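Participant: All chains, full assembly: derive it from the sequences and hints.
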Amino acid sequence: MSAPAATRAGLTLEARALTRRFGGFTAVDAVSLRVQAGALVGVIGPNGAGKSTLFGLLTGFVKADAGKVLLDGHDITGLPPQARAQHGIARTFQVPREFANLSVRANLMVAAPGQSGELLTRLFTQAARIRLEEALIEAKAEQVAAFLKLTKVLDISAGSLSGGQKKLLEMGRALMTDPRLMLLDEPFAGVNPVLIGQIMERISELHSRGMGFHIIEHDLASLSRLVGVLHVMDQGRLLASGLPEDVLGRADVREAYLGSHAAAGEQVPTGEASRGTAA
Amino acid sequence: MEAYLVAILIVTGIYVLLGLGLTLQFGLTGLINFGHVGFFCIGAYAAAILSVYGGQPVVLGFVAAAVLAALAAWPIGLVALRLRDDYFAVVTLGFSETIRLVVTSEKWLTSGVQGIPGIPRLVDGVGIGSGLTILALVALANLAAVLIFLRLVKSPFGRMLEAIRDNEEAVKALGKDPARFKIQVLMLGAALAGVAGAFYAHYIGYVSPDQFTPLVTFYVWMAIIMGAAGRISGALVGTALLMLFLEGSRFLRDIVPFISAVDMASIRLGAVGLALILFMIYLPQGLMGSKSERGAGS
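Going down the list, the protein sequences come from chains A and B.
Take 1 as the starting number for the first sequence in the numbering used here and just add one per residue.
Take 1 as the starting number for the second sequence in the numbering used here and just add one per residue.
The set of hints was computed from the structure by calculation and includes no laboratory data.
Each hint should be verified, as a subset may be incorrect.
List time: in silico BS3-like cross-link candidates among lysine-lysine, alpha-carbon distance up to 27 angstroms [stated by the list, open to error]: (1) LYS154(B) with LYS152(A); (2) LYS154(B) with LYS140(A); (3) LYS140(A) with LYS152(A).
Note that the structure is a prediction, hence the values are computed from the model and not measured.
Facilitator: Have a look at this one:
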């Protein structure tokens, strides 16, 4: 049940005046922020605030209209998603993108980096080596599955998992890539409260081993207990950044949230309250 | 009658090779290749030109057929795989028609619409024995293709292809480049089609542009859809079923004598089309597919 080792040093990811427009709509408007190596950072904001688009820009799935993305000070704005992932930036998606027809085990095994068996030239010449690699990858996949409490469903096709389990599988796949920074897009959405607690423990554990996290979440109570720094986005802009209790106490943040959430009857947790009572 | 059966089996074997290529591309990876006949055509003409005009040994023709077809697939993969699935389908269809037009126009090389006759047979003689030998060779090629296919499917490479079919964006997020795999699969499938083309040229003994219309592509599509898009057994059973439809309908004329040959050709196509529609409605996973398994692209 030990966590997969995160031995590589963390990555510092920085957005500089990142902008993305869809037609006349500016989804992300000159957002600058920095995720320090090994930091645990949260992003909140009402629906349509541009959080997922920001993730897309940082991971290369969405092209920037203006601004830069820096990784440890190097400009990676022009790199495609797979190249950024190879540098150690792993991401999950808001709507899970599991390989539906593959088993959970195969989903995890696909993600392992540097597989000889993916090369046609080696496939027919180095069978023994590939068998050995496969055994190691499978062992790692089972370790990750155990870490995320997915052992029981290892041989079920991923398409038949529950929404929460798919979220966990996405995290597991990301972990298989030996990331140094994980960008999680709503990891708690659709997950039952008990499991949320478990995922949070896992995140804390990985974080304590040096892995950086950047998390989008609607579940303010959970998120503000977890992260050290909280960014608030609204209408494509960065509204506030700082310690969770400070940020959530600000009038403009409360207004942005109340504006879109009051109708649904949601409570906006304020600084201290969110830490102790919310669950 | 035996000779007729052997002839049908040889053609079936050639179509199974085509079907295996498409199974790899569509069934496993989700590539909608509507230009399969283009690679088949390149293989057939490569073999024909090398043996008839070049005087080269047959073996060289087969190698050239596979290599040239694969090489033709490379730029298409490079350019077209950046497009969305449906555009890729259109581009490949355009590619195969372009190949047919080139073959029709470049008379200095291909003799244009007159075609290239006198392609040597793989085995001399006209008796049933030579037919059986050719059939054995085709079967051997199929066996080799199946063995390669099995190795691919049960490997990390095959697992990646299925992952790409299920969700390409997620593959990118894991630091893998889907385009590399798709290009390789496109080239592999094309090489198989090229070999099928070489067999075809040496078996029929004559190639001309009108043998390589998109209809051939769609026959192969029908076969793998009726069989089961992602399975080797699907390619085998589906092709057998297709041949049963195509050849079986010939005998309809003996039973219903007042139908002319031209009418019959149209009725055959209609019957195959109807069968395809019925399959899509009642058995979308194909004869050999399992119920729980969704077809590629769904």
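Participant: Under the criterion that the straight-line Cα-Cα distance not exceed 27 angstroms, is the pair LYS154(B), LYS140(A) satisfied?
Facilitator: 19 angstroms, holds
Participant: With the threshold set at 27 angstroms, check whether the alpha-carbon distance from LYS140(A) to LYS152(A) stays at or below it.
Facilitator: 16 angstroms, holds
Participant: Are the Cα positions of LYS154(B) and LYS152(A) separated by 27 angstroms at most?
Facilitator: 23 angstroms, holds
Figure legend: structure checked against the earlier numbered hints; every hint is met.
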